[in-house]
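**Student:** Letter by letter, the chains look like this.
4 protein chains.
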Amino acid sequence: MSHERFDECIQACNDCAIACEHCASACLGEGHATAMAACIRLDRDCADLCRWAATLMARGSSYATALCAVCAEVCEACAAECARHDAAHCQQCAVACRQCAEACRRMAA
Amino acid sequence: MSHERFDECIQACNDCAIACEHCASACLGEGHATAMAACIRLDRDCADLCRWAATLMARGSSYATALCAVCAEVCEACAAECARHDAAHCQQCAVACRQCAEACRRMAA
Amino acid sequence: MSHERFDECIQACNDCAIACEHCASACLGEGHATAMAACIRLDRDCADLCRWAATLMARGSSYATALCAVCAEVCEACAAECARHDAAHCQQCAVACRQCAEACRRMAA
Amino acid sequence: MSHERFDECIQACNDCAIACEHCASACLGEGHATAMAACIRLDRDCADLCRWAATLMARGSSYATALCAVCAEVCEACAAECARHDAAHCQQCAVACRQCAEACRRMAA
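Residue numbers (full-length UniProt numbering), protein chains in the order written: chain W, 1 to 109; chain P, 1 to 109; chain X, 1 to 109; chain R, 1 to 109.
Just chain W, with the same shape it has in the complex (with noise of 0.2 Å):
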């Protein structure tokens, strides 16, 4: 494992799980939390597995492949639901889910 590939993962996720929180803050104080539901559901699992991913990645844990491996999976069902929504906070999100869906896929391989 490359040391610059790791950086950029553990990046990827801190971005994501960022816009994830952002994103879920946003549709929960906007008036039509019960229409992002699904969105805010996604956004708390991929928020957490963001950053359960960056923390086993930066203490070069042996399990870090693994969670980067479920990390992947939220985060493409993330950048799915969150692409459907035309709010600027969801677009970035669906943005940021991918970028971190392909860093973790690229960990987990």
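It is worth saying that the hints were derived from the structure and are not from the lab. Wrong hints could be hidden among the right ones.
To be verified - A few chain W residues that face chain R, going by a derived Cβ cut-off under 10 Å, partial list only:
no.: 1; residue: Gly31
no.: 2; residue: Ala35
no.: 3; residue: Ala38
no.: 4; residue: Ala54
no.: 5; residue: Ser61
no.: 6; residue: Thr65
Predicted, not measured: the structure shown is a model, and the values here were computed from it. Quick reminder that beta carbons are idealized off the backbone N, C-alpha and C, glycines included.
Please arrange chains P, X and R on chain W, whose structure you already have, making use of the hints.
**Tutor:** The following block gives chains P, X and R in isolation, referenced to the frame of chain W:
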């Protein structure tokens, strides 16, 4: 800090985290998340603070009581919000939050 | 997934996280951390994975069983390492890890 | 709270968490963990507090500044301990901790 009070507070925090996660998921899944947005938002913070306080107590960290003080605050806010709603998961969460707030206040004192 | 098995696995994960945090702190504080480095390292990963699996189970996440599968792996590794040491905190941690591994294996099945 | 200072503090927290995880793993893996026990212990708390503060800031939580205040304290303690050791990972961790402490102090003010 007596071992007994320590264990009791960890247990109260873990129980409260479970109740908050369950309450947030139920609030998101019952078709009226817009009306429950404040509850979901507090559940999210409260679940995290409870887990983090429990983590620092379990490891005997010097920062455990500082986290317990913040945890008590969010537990009280979450209890007040959940108590306003009739759903069983909200009422049960309010009880768990109040018990955790009391246990954390004792630790932080 | 029956509610009973679900609650039991959350409890096993929380108990194991507490045992691992305590074991790591004790290993660090008893003056022979160099000999216990592998134990401390596994305790650290195991505590985190247990907390994360419990979190996803409590919220009814679609990714809970994937985390339980990873959690079972690290619990088995941590149990094997802890069982090699005579200290009470290591022996207790080994028991908690084995119980958690079994509960997580059932969830992941 | 300006958006700019907010983003800067999240970044400082994430950078510090990475530095602390790496420092702890290196301290555990270099054959003299007993001498580094205080450093490992502080790295563990500091990494967690940094991640937690970043999480609450990213979601715009009402409790973010309270966590930043605790995070600043542990960052200062971790910086002081790491600065005492010559290893590159300790020196780099001390720098990351000092920067994070300053950013968190500004947020908590």
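**Student:** Hint by hint, note whether the structure agrees.
**Tutor:** Hints, one by one, checked against the model:
no.: 1; hint: Gly31; in the structure: 16 Å, violated
no.: 2; hint: Ala35; in the structure: 20 Å, violated
no.: 3; hint: Ala38; in the structure: 18 Å, violated
no.: 4; hint: Ala54; in the structure: 8 Å, holds
no.: 5; hint: Ser61; in the structure: 8 Å, holds
no.: 6; hint: Thr65; in the structure: 16 Å, violated
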